[in-house]
Amino acid sequence: MERQEILRKVIDLAADKLAAEADDLSENTNFEEDLNADSIDLTDFIMELESEFDVEIPDEDLEKIKTVKNSVDYIQKKL
Amino acid sequence: MRRVVITGLGAVTPNGNTFETSWNSVLSFKSGISEITKFDTSDLNVKIAGEVKGFDPLDHGMDRKFVKRTDIVSQYILAAANEALQDSGISENYYKPQRSGCTVATGFGGIETYEQNYEAMLKIGPKKVSPFLVPKFLTNMPGGWVSVQHNLQGYISSCAAACATGTVSLIDGFRAIRDNGADMIVAGAGEASVTRHVIAGFANLKALSTKNDTPESASSPFDRDRDGFILSEGAAILVLEEMDSALNRGADIYAEITGWGITSDASHFTHPSEDGRGMVNAMNLTLESSGLKPKSIQYINAHGTSTKINDAAETKAIRKVFGDCAGKLVVSSTKSMLGHMLSAAGAFEAAVVAKSIKEQVVHGTANYRNFDENCDLDYCVEGHRRMTLENVMSNSFGFGGINAVAAFSRFSV
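As they're listed, the protein sequences go chains Y and W. Going by numbering that gives the first Met the number 0, the residue at position 54 of the first sequence is 53; the numbering climbs one at a time, nothing skipped. Going by numbering that gives the first Met the number 0, the residue at position 399 of the second sequence is 398; the numbering climbs one at a time, nothing skipped.
Derived from the structure by calculation, the hints contain no laboratory data. Keep in mind it's a predicted model, so treat the numbers as computed, not measured. Honestly, I wouldn't trust all of these hints.
As the list claims (entries may be wrong) - Cβ pair distances, simulated, as ranges: (1) W:R63 x Y:R7: 19 to 29 Å; (2) W:D274 x Y:S38: 48 to 58 Å; (3) Y:E4 x W:E215: 51 to 61 Å; (4) W:D212 x Y:R7: 44 to 54 Å; (5) Y:S50 x W:E215: 13 to 23 Å; (6) W:D226 x Y:L61: 54 to 64 Å; (7) Y:K68 x W:F38: 40 to 50 Å; (8) Y:L61 x W:M120: 21 to 31 Å; (9) W:P125 x Y:D15: 15 to 25 Å; (10) Y:K77 x W:D42: 41 to 51 Å; (11) Y:E62 x W:K95: 33 to 43 Å; (12) W:P130 x Y:K77: 14 to 24 Å; (13) W:S288 x Y:L61: 54 to 64 Å.
What the hints assert, rightly or not - Rough simulated footprint, nothing fancy, chain Y against chain W, three-plus residues with beta-carbon under 8 Å: (14) 59–65; (15) 130–137.
Virtual Cβ for every residue (Gly too), placed ideally from N, Cα, C.
Put together the whole structure using the sequences plus the hints.
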């Protein structure tokens, strides 16, 4: 999958799960700082990433996924 | 003794998404019952309900994040709470958060969320169960959210009392203020359980009306041909305040809560006892605790569900408690227009009673056509009636044999 396509999907999922507008999100968007996400919001978002891209994201990797860019990098590596 | 007054009302019902629209509709005999639109009813024998219509939480002071984290039942309740607090004119300038609280409950909690997650788990697996399932489903969450949104740091509770929940919540809030545990309480209940699953459960219990072809007249409390209640959804909230603090801030007072009674039938798990003993006991306790005599009550907002057994037992119980005075009482059923909002019913009916006392008018019982010898009181079947209201009672009865009654009086210092 192309990086651009992953980015598009991550942004759509983040907008849906973290109650934001897709147009306001970029690679630099930080989920906690910019979208005021708490740990339950993030769990919900990560579960959706796993399901959308059919990947497993172990709990110890959650620390690595703080921004849209982190998410895209992580998924690109896994795919 | 500390006195407790009602200063704010809010509601979301099948007849409107504010208290005022809902109140006006019951005064004008408008039914909120219609064909179910939320799900397929082709294989159900009950196809009608009182659905809330056109509700958008974003129109009621909630944002997308709140909506995502909450079941619709919390959204109905928060909409009603926001309206009630605004109506009361109270703001954080006037209440101490540590002495302000919340007695808000729900019967079925976030049942829709529960059903969706259970279905996803069966179809796909536990991975599809949302981390929001538990906080969206728990029955104390709507109250929790009201306290979060309005910074109510004092007393909090959420009772479980089936169809009497709204009235028990109100009584709980009343007692918290009277016993000096709080000065202001947001009290009430909400329900969002018009789902395929719940309709099937009540329908198979033979509790619901099957007058599918005439939804608007299907709820006919005290009528000879009544055949069950109509499941409805919604929420209602009342702001309760200690009298002196309400007067000190110049609050507009609807009515005073003056008595209560809660009892158990201790007989059958769904049917009221035929002699209405639990109802009688609850009404008598309410008279005792308020110091009122039967002749001082002008109006009873009945539980009046439109089931054969409730309406006959309630009538019998009223006759027993009021004796010779029963003939002078006016009795009406809000459920004749709104159906049965379960936990929210008692809360909305309390709000209706408060408004009735303020406006000195009672709404009637709609859809009454034929006399039933077991139901022989003045049910105000012709429409609303202007009358002097000094003291009023509101009855709520629920599965498990619970009976909850509250007394309300016209306010004067």
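Here is what the structure says about each hint:
Take R63 of chain W and R7 of chain Y: their Cβ atoms lie about 21 Å apart, and the range 19 to 29 Å holds. Taking 48 to 58 Å as the suggested C-beta distance range, the pair D274 of chain W and S38 of chain Y conforms, at roughly 55 Å. As the Cβ distance of E4 of chain Y to E215 of chain W is approximately 52 Å, the hint placing it in 51 to 61 Å holds. Between D212 of chain W and R7 of chain Y the C-beta distance comes to about 50 Å, which sits within the given range of 44 to 54 Å.
Distance hint check: the CB atoms of S50 of chain Y and E215 of chain W are about 44 Å apart, inconsistent with the given range 13 to 23 Å. A C-beta distance of roughly 56 Å is found between D226 of chain W and L61 of chain Y, which places it inside the suggested range of 54 to 64 Å. A beta carbon spacing of about 42 Å between K68 of chain Y and F38 of chain W agrees with the range 40 to 50 Å that was offered as a hint. Remark: the range hint 21 to 31 Å for L61 of chain Y to M120 of chain W is upheld by a beta-carbon distance near 22 Å.
Between P125 of chain W and D15 of chain Y the CB atoms are about 21 Å apart, so this pair conforms to the stated range of 15 to 25 Å. About 44 Å separates the C-beta atoms of K77 of chain Y and D42 of chain W, a value consistent with the hinted range of 41 to 51 Å. Range check, E62 of chain Y to K95 of chain W: Cβ separation about 41 Å, and the 33 to 43 Å hint holds. Take P130 of chain W and K77 of chain Y: their Cβ atoms lie about 21 Å apart, and the range 14 to 24 Å holds.
At about 56 Å, the beta-carbon gap between S288 of chain W and L61 of chain Y stays in the expected band of 54 to 64 Å. Note: the region 59–65 of chain W has 3 residues with beta-carbon separation from chain Y under 8 Å; the three-residue rule is met and the coverage holds. Interface restraint, the region 130–137 of chain W with chain Y: holds (3 residues with C-beta to C-beta distance below 8 Å; minimum three).
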